[in-house]
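One-letter residues, chain by chain:
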Amino acid sequence: MDKILQEIADEAYEVARLRRNGVQPTRDRVFAEVLAELEANGDAMRFVNSKGRIAWKATPRLRDYLKDLELEAEEDLEDEF
Amino acid sequence: MHNGEATTIPLSTEAMRANLLRLEREWEMVQESRDRDAIYGYLTAVFELVVCWAKEGKAVRRACRALYLRRHNSEREPEPFAALILCTADRGKLDDRMSSKWSRVLRYAAEFKDLDEPLRDFIKRKGGITRGRCDKVRMMYVPEDGVKFLYQSKFRPNPPNSTQTCTEQNLKNEAAIVREYCEWRGGEYLPPAFARHVGGHPVDDDGGIRIKD
Numbered sequence: 001m002d003k004i005l006q007e008i009a010d011e012a013y014e015v016a017r018l019r020r021n022g023v024q025p026t027r028d029r030v031f032a033e034v035l036a037e038l039e040a041n042g043d044a045m046r047f048v049n050s051k052g053r054i055a056w057k058a059t060p061r062l063r064d065y066l067k068d069l070e071l072e073a074e075e076d077l078e079d080e081f
Numbered sequence: 001m002h003n004g005e006a007t008t009i010p011l012s013t014e015a016m017r018a019n020l021l022r023l024e025r026e027w028e029m030v031q032e033s034r035d036r037d038a039i040y041g042y043l044t045a046v047f048e049l050v051v052c053w054a055k056e057g058k059a060v061r062r063a064c065r066a067l068y069l070r071r072h073n074s075e076r077e078p079e080p081f082a083a084l085i086l087c088t089a090d091r092g093k094l095d096d097r098m099s100s101k102w103s104r105v106l107r108y109a110a111e112f113k114d115l116d117e118p119l120r121d122f123i124k125r126k127g128g129i130t131r132g133r134c135d136k137v138r139m140m141y142v143p144e145d146g147v148k149f150l151y152q153s154k155f156r157p158n159p160p161n162s163t164q165t166c167t168e169q170n171l172k173n174e175a176a177i178v179r180e181y182c183e184w185r186g187g188e189y190l191p192p193a194f195a196r197h198v199g200g201h202p203v204d205d206d207g208g209i210r211i212k213d
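Protein chains in written order, with the working numbering: chain A, 1 to 81; chain B, 1 to 213.
A few of these clues could be false.
As the list claims (entries may be wrong) - In silico DSSO-like links for lysine-lysine, alpha-carbon gap of 27 Å or less: (1) 3/A to 55/B; (2) 3/A to 126/B; (3) 57/A to 58/B; (4) 93/B to 57/A; (5) 57/A to 3/A; (6) 51/A to 55/B; (7) 67/A to 57/A; (8) 124/B to 57/A; (9) 3/A to 51/A; (10) 57/A to 55/B; (11) 93/B to 51/A; (12) 67/A to 3/A.
If you are wondering where the hints come from, they were derived from the structure by calculation, not from laboratory data.
Put together the whole structure using the sequences plus the hints.
In structure tokens form, the structure reads like this:
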């Protein structure tokens, strides 16, 4: 899993863990649900990595979106000063 | 899962749609670009998706689903690369000949390309899409552990309704390609049309030869 997706999945796991509804979800299950949802939204894609294993990465669309957000944030920061 | 294994995550219909949309976007980018290498972005996206499906053992079934979602009829088992190209490339701008050429190149890459070599580099190293080695070997798997293959060449000795010129040199060149393929696969079978060009091997019942018998 690439860095972007890892962060999203970690965050989802923390949210699920803190829900305190008596059910402790396993990390794998939360990750699987998050990845399935991201894939359905067009934000994650599976691929075969250089070791021949199936892995996940952010789609170009999600990368572009995050990059735009980053640029906007940088511009806002420059405007502040 | 932590290591990226994902075989337990099913591909939902929404996910299939999202994947097809992503490929369509790649296709649109190719159309908008003036870069002659832009096509490799689209082909890489198609290639990665099918290779991943194949790794999960569901390439043909998912290709059927993709065709169904895009309302294409498929009477026989679809070839996954061709099916995805059919589903995601604009038919008005892509003829059948080019489509089959691309899918043939991608099948070749799926067989021979190292995992960490970019598709574009591989195809270029093999001489490009239209004139390269990738386009010469046409493979179709048949049973027997998926190793034996049928070979169809545009330079077949008696190509029906073909305008291609069949020269001795063409056959020799292709024989070398097929032999390379056979040896790479463990030396299984060489079709009759090429048997006479490689020599030194026992001829099989049907006129073909088994390279390493």
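These are the hints, each one checked on the structure:
1. 3/A to 55/B: holds (23 Å)
2. 3/A to 126/B: Judged against 27 Å, a Cα distance of about 33 Å means the pair is violated.
3. 57/A to 58/B: holds (20 Å)
4. 93/B to 57/A: With a Cα-Cα distance of about 30 Å, the restraint between residue 93/B and residue 57/A is violated, given a limit of 27 Å.
5. 57/A to 3/A: holds (8 Å)
6. 51/A to 55/B: Distance of about 12 Å is within 27 Å: holds.
7. 67/A to 57/A: holds (15 Å)
8. 124/B to 57/A: Since the Cα atoms of residue 124/B and residue 57/A sit roughly 26 Å apart, the hinted pair holds (cutoff 27 Å).
9. 3/A to 51/A: holds (18 Å)
10. 57/A to 55/B: Roughly 16 Å separates the two Cα atoms, so the pair holds.
11. 93/B to 51/A: violated (36 Å)
12. 67/A to 3/A: Judged against 27 Å, a Cα distance of about 14 Å means the pair holds.
Checked against the numbered hints above, the structure violates hints 2, 4 and 11; every other hint is satisfied.
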